[in-house]
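Protein chains in written order, with the working numbering: chain A, 1 to 112; chain B, 1 to 601; chain C, 1 to 340.
Treat the hints loosely; a few may be bogus.
[Unchecked claim] Partial selection, computed: residues in chain A whose CB lies under 7 Å from chain B:
#1 V13
#2 E14
#3 V18
#4 S21
#5 T47
#6 H51
#7 C78
#8 L80
#9 R96
#10 C102
#11 R103
#12 E106
[Stated by the list, open to error] Quick list of simulated restraints, FRET-style, between CB atoms:
#13 B:R465 with A:R28: 40 to 46 Å
#14 A:V13 with C:T140: 38 to 44 Å
#15 B:I369 with C:P319: 58 to 64 Å
[Claimed, not checked] Pairs of lysine-lysine residues, derived as DSS-like cross-links and limited to a Cα-Cα distance of at most 27 Å, are as follows:
#16 C:K165 with B:K296
#17 B:K75 with B:K376
#18 B:K324 with C:K165
Derived from the structure by calculation, the hints contain no laboratory data.
Glycine included, each C-beta is placed from N, C-alpha and C at the ideal position.
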Amino acid sequence: MDFGFNLSPSSAVELDKVDTSLFRELCRIEPGARTCIGCGSCSATCTASEHSGMSVRKLLLSLQRGKMRDVEKMLTCCMLCGKCTMVCPRGINTRRIILTVCRLYENVEGRI
Amino acid sequence: MIERMSFPFHPFVLPFLIGMSFVLIYCLYGIVKILVQLTRDERRRFLLSLIKPSTAWKNIKDIFLNCLLHVKLWKRNRMLGFMHSSIAFGWFMIIVLGHVEVMLFLPDRVHLLYYPIFFNFFVAETESTIGGAVLFFLMDFFLLVILTGIVLAMVKRVRSRIFGMRRTTRASFLDTVGLYSLWAIFPLRLLSESFTAHISGGSFLTVPMNWIFRQFLGNDLYYLPTWWAYSIALGIFMAVLPFTRYMHIPAEMMLIPMRNAGLRIMHPRKGFARVQVLSCPGCGVCIDACPMSARKENLKDCTVYLNRQIRRGNEPRIEEISDKCLLCGKCTEVCQVGVDGPALRLAQRSMRKYGINQHYNIIDPEGYIGALGSAKVLYFAGCMTHLTPGIKKSVLSVLDKAGVRYSVMDPDGGLCCGRPMMMAGRWEQTRELIRLNTSIIKASGCDTLLLSCPICYRIFAQKYRLDGIRVVHHSVFFNELSRQGRLAVKRDPELRLAYHDPCELGRGCGIYDEPREAVSAAGVLVEGEKNREESICCGGSLGSITLSYEKRRDITLKSLMNMKAGSPDAIITACPLCSSTFGHYSDIPVKDIAELLDSKS
Amino acid sequence: MENKDQILVIGGGVAGMEAARQLKSLGFKPILVEKGPALGGHVASWNRLFPDMTPVRKVLDPLTSSLEGVEVLLDTTVESVSRSQREYTVVLTRGRVIKCPAIIIATGFKLFEARKKEEYGYGIYDRVITNKDLENWFNTGEDGRVPDRPSAVGFVHCVGSRDIKAGNQQCSKVCCITAIKQAIEVKERFPQAEVYCFYMDLRLFGKKYEDFYINAQRDCGIHFIRGRVSEVAELIDGRVQVKAEDTLSGRPVKVKLDLLVLMSGIVCNPANNHLASELSVPLDEDGFLRSRDNIFSVTESDRPGVFFAGTCTGPKTIPETLSEARGAALGVYNYLKGKK
Numbered sequence: 001m002d003f004g005f006n007l008s009p010s011s012a013v014e015l016d017k018v019d020t021s022l023f024r025e026l027c028r029i030e031p032g033a034r035t036c037i038g039c040g041s042c043s044a045t046c047t048a049s050e051h052s053g054m055s056v057r058k059l060l061l062s063l064q065r066g067k068m069r070d071v072e073k074m075l076t077c078c079m080l081c082g083k084c085t086m087v088c089p090r091g092i093n094t095r096r097i098i099l100t101v102c103r104l105y106e107n108v109e110g111r112i
Numbered sequence: 001m002i003e004r005m006s007f008p009f010h011p012f013v014l015p016f017l018i019g020m021s022f023v024l025i026y027c028l029y030g031i032v033k034i035l036v037q038l039t040r041d042e043r044r045r046f047l048l049s050l051i052k053p054s055t056a057w058k059n060i061k062d063i064f065l066n067c068l069l070h071v072k073l074w075k076r077n078r079m080l081g082f083m084h085s086s087i088a089f090g091w092f093m094i095i096v097l098g099h100v101e102v103m104l105f106l107p108d109r110v111h112l113l114y115y116p117i118f119f120n121f122f123v124a125e126t127e128s129t130i131g132g133a134v135l136f137f138l139m140d141f142f143l144l145v146i147l148t149g150i151v152l153a154m155v156k157r158v159r160s161r162i163f164g165m166r167r168t169t170r171a172s173f174l175d176t177v178g179l180y181s182l183w184a185i186f187p188l189r190l191l192s193e194s195f196t197a198h199i200s201g202g203s204f205l206t207v208p209m210n211w212i213f214r215q216f217l218g219n220d221l222y223y224l225p226t227w228w229a230y231s232i233a234l235g236i237f238m239a240v241l242p243f244t245r246y247m248h249i250p251a252e253m254m255l256i257p258m259r260n261a262g263l264r265i266m267h268p269r270k271g272f273a274r275v276q277v278l279s280c281p282g283c284g285v286c287i288d289a290c291p292m293s294a295r296k297e298n299l300k301d302c303t304v305y306l307n308r309q310i311r312r313g314n315e316p317r318i319e320e321i322s323d324k325c326l327l328c329g330k331c332t333e334v335c336q337v338g339v340d341g342p343a344l345r346l347a348q349r350s351m352r353k354y355g356i357n358q359h360y361n362i363i364d365p366e367g368y369i370g371a372l373g374s375a376k377v378l379y380f381a382g383c384m385t386h387l388t389p390g391i392k393k394s395v396l397s398v399l400d401k402a403g404v405r406y407s408v409m410d411p412d413g414g415l416c417c418g419r420p421m422m423m424a425g426r427w428e429q430t431r432e433l434i435r436l437n438t439s440i441i442k443a444s445g446c447d448t449l450l451l452s453c454p455i456c457y458r459i460f461a462q463k464y465r466l467d468g469i470r471v472v473h474h475s476v477f478f479n480e481l482s483r484q485g486r487l488a489v490k491r492d493p494e495l496r497l498a499y500h501d502p503c504e505l506g507r508g509c510g511i512y513d514e515p516r517e518a519v520s521a522a523g524v525l526v527e528g529e530k531n532r533e534e535s536i537c538c539g540g541s542l543g544s545i546t547l548s549y550e551k552r553r554d555i556t557l558k559s560l561m562n563m564k565a566g567s568p569d570a571i572i573t574a575c576p577l578c579s580s581t582f583g584h585y586s587d588i589p590v591k592d593i594a595e596l597l598d599s600k601s
Numbered sequence: 001m002e003n004k005d006q007i008l009v010i011g012g013g014v015a016g017m018e019a020a021r022q023l024k025s026l027g028f029k030p031i032l033v034e035k036g037p038a039l040g041g042h043v044a045s046w047n048r049l050f051p052d053m054t055p056v057r058k059v060l061d062p063l064t065s066s067l068e069g070v071e072v073l074l075d076t077t078v079e080s081v082s083r084s085q086r087e088y089t090v091v092l093t094r095g096r097v098i099k100c101p102a103i104i105i106a107t108g109f110k111l112f113e114a115r116k117k118e119e120y121g122y123g124i125y126d127r128v129i130t131n132k133d134l135e136n137w138f139n140t141g142e143d144g145r146v147p148d149r150p151s152a153v154g155f156v157h158c159v160g161s162r163d164i165k166a167g168n169q170q171c172s173k174v175c176c177i178t179a180i181k182q183a184i185e186v187k188e189r190f191p192q193a194e195v196y197c198f199y200m201d202l203r204l205f206g207k208k209y210e211d212f213y214i215n216a217q218r219d220c221g222i223h224f225i226r227g228r229v230s231e232v233a234e235l236i237d238g239r240v241q242v243k244a245e246d247t248l249s250g251r252p253v254k255v256k257l258d259l260l261v262l263m264s265g266i267v268c269n270p271a272n273n274h275l276a277s278e279l280s281v282p283l284d285e286d287g288f289l290r291s292r293d294n295i296f297s298v299t300e301s302d303r304p305g306v307f308f309a310g311t312c313t314g315p316k317t318i319p320e321t322l323s324e325a326r327g328a329a330l331g332v333y334n335y336l337k338g339k340k
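Just chain A, same shape as in the assembly (with noise of 0.2 Å):
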């Protein structure tokens, strides 16, 4: 049926509709991936920010709204200091949360 117009894309992430099995499978591996409070400790003190956008409160938040692009383009250019692990709150294990992102993106080539 033809209206005349279109609805533009709601810009609105559907909490309901997004594929988060690869941040479910992540926290499987890393449990301590649902614990971040997003202080932005981590983006604040990471080496590789200014020339990928990398962070790890970001990558997390990403995962979960389903923007599998953005978290490609901020890892590309982690250097794996571990300065994020160390000033990091919450004791999380960043570095073995951007290995194991790397890893499971090898089985998301599709998704994106």
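Position chains B and C relative to chain A; hints supplied.
Structure of chains B and C alone, referenced to chain A:
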């Protein structure tokens, strides 16, 4: 000496013959397979090293000292050393002397594999000779040496603490079979040779035993069962050897020349790695040494179990063990064979496939080069030091006091040195980071690169090619300044300072003395219970991928306890990561060497 | 000797003082033991209190005067405790032995040692102070680290609180509102200064707290930045540069400050460990003393006759502490009435 039998064979030698042939064929096949697995370059280097006189001599020396005399074990614990060398060297001597006997008395039997082993069965003594008596004496003597070793081994089984070992490995089924057959071999040999000593001759052990047996059993000793048993014990040992920890005996003889040839572990299972894994004697010295053993759940994650799981092909466990390790290198340090556990794990990590592969082409080194000064000393604080501003401030303050002109490479944060990537087994990314940093450092025109973080220091010193630029850690540099009198350090004779060796600086780069000298210049140096090569990782290492913050706590507490053995007033270290890790739990001050020297100058 | 009415109150902060006062009015003979040289605890080193900007003296003076006739032992700590059927025998330092049927523990908290969060540079940089230092400066006007005319001042919330690395997982409860109070006070003294608060979450739960927040936003123009500070670096001119992420815009931010105030949190008092083992009352995982339960019997321990008041069981505000002190005193009264 004459041959007692009309035909130089008896069926009882069969078990031994079968076992021995099996082992020989198996090892030959293994050697060929491993040689095939090496890259062409590695293979060439290895084979050339075998004929090069200097390495060939070193190989022989190392094999003699390590495989037979177990020199490294002696240093660890005398009882342990005696137990191992008595069995290994004693056995070696018995085999050699057996051959000497055959060559001397029945030279045309030398080609028979079993003949020197069962010599006493086949011969009869016709007349006593001085030469024969000496040989018989030596045979009995070395048999006695072995038997004392076996007794010690039995004691060790029940009370390993006497041998300086708190924990030992749990033996697998085949290991147990191998162990019991090994224990059985020498008493059975003694029994067999005693039973025939009145025919074939013997010495101070076998002759009196023969006499005693004859008192009980009459003059005609029925000796065949004992010889059968001896041969069967040997046969069983040989047959199970390739599948037990005793495989380390032949493997180590391969490991030593390969290591002397300078080979490196590139693949986690093939080639050199295979030899490393097979060389593990499974003694379990690394269990106590491993800092992770502070938690019971980690007891099976040390190198001896990694080797066992690799041999079993238990992939999930291999992955788990490889990722958990702190890469502190202590297992390699205490291993008498020198199995490089961290390198095996790194190779394992390097095999992984990633869907996102980091690359740094968008990073422009010019941005960093522009901010560089022109001083000859370039200071690179490194990522970790930015989180310990006290260290950074002290380093710069000491440089100012000593009148050293410097520029800072990363005043507002720089690039990572690449060592953390390397510890994740990602060579390609590491190479790229090395390339970027190298271009920045070379553009600075410096002649000295000063580092605060041992993690950086190790890779800058070992993997970077900086063409003559001196790479130096601040503990070494400041010690020089203090010795040259450029930095006046006031010594406080009341201040007790315990120096903690950071893994990357100590075991990683062999720097032990300079930091101690620097600490001694400011106070009284006291040592931790374990120190230098055997110091215990603080638990903060970037080497471990999977250990969570909470689970590192016990490691840190164990290491702290170790440091406090000499009841120091403060713990001094030379690594920002150690210093901040200790700082979370220590009840006495933890300071970096730079902070110490800054406060005392 | 008549010990029946003698009650030992350990700790001379507001909790101990209020408990002693209430015990006295209930007809007991409280003995107040304080390890320091004066009563008042942490509150005594503060200047004004939220939410009404009440001067500290207005709280402490009436408390002190109402303790007239109460035996107060200063510079005294508990050495050992033994328990017989009816009473506790407490050996104090300086050789004093006290027998009493009940004890109120009001040993309070310890302020987190800001030096432990090395990345914030306390004790390393000249322009970094703590909330306590600032209150002290409000009181005395003397602190070389506080510049004469700062143009930018920052507050870091949650220093040593909600931080597993600092060994404290708990929220200190009072730092958010204290930071806002102090930010407003700083702004009042230095109207030209830009004031930044770096927070993870703002937890303004109490009466009038939200009013404070609105006041800080609307009337004082204080900048609230949702992001935890991760690094502080010293500039050549002595100022400090703070790095954080403005998590609401998702951008890293840097700001140069003349003064950085660290909101050191409430952490458990290590002196509790000794007391807890002497009295065999258990410690919680967070190191604070464990109440019998956390709803109905917050001021009661698992031991008969041992009561808690105030922050020895966890972070609390002053009004909460005072209520607990009253609750503990009433608990003692009911406990001993039942025994008669």
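### Task
State the violated hints by number, sorted upward, taking the hints as numbered earlier in the document.
The structure conflicts with hints 1, 2, 3, 4, 14, 17, although it agrees with all the remaining ones.
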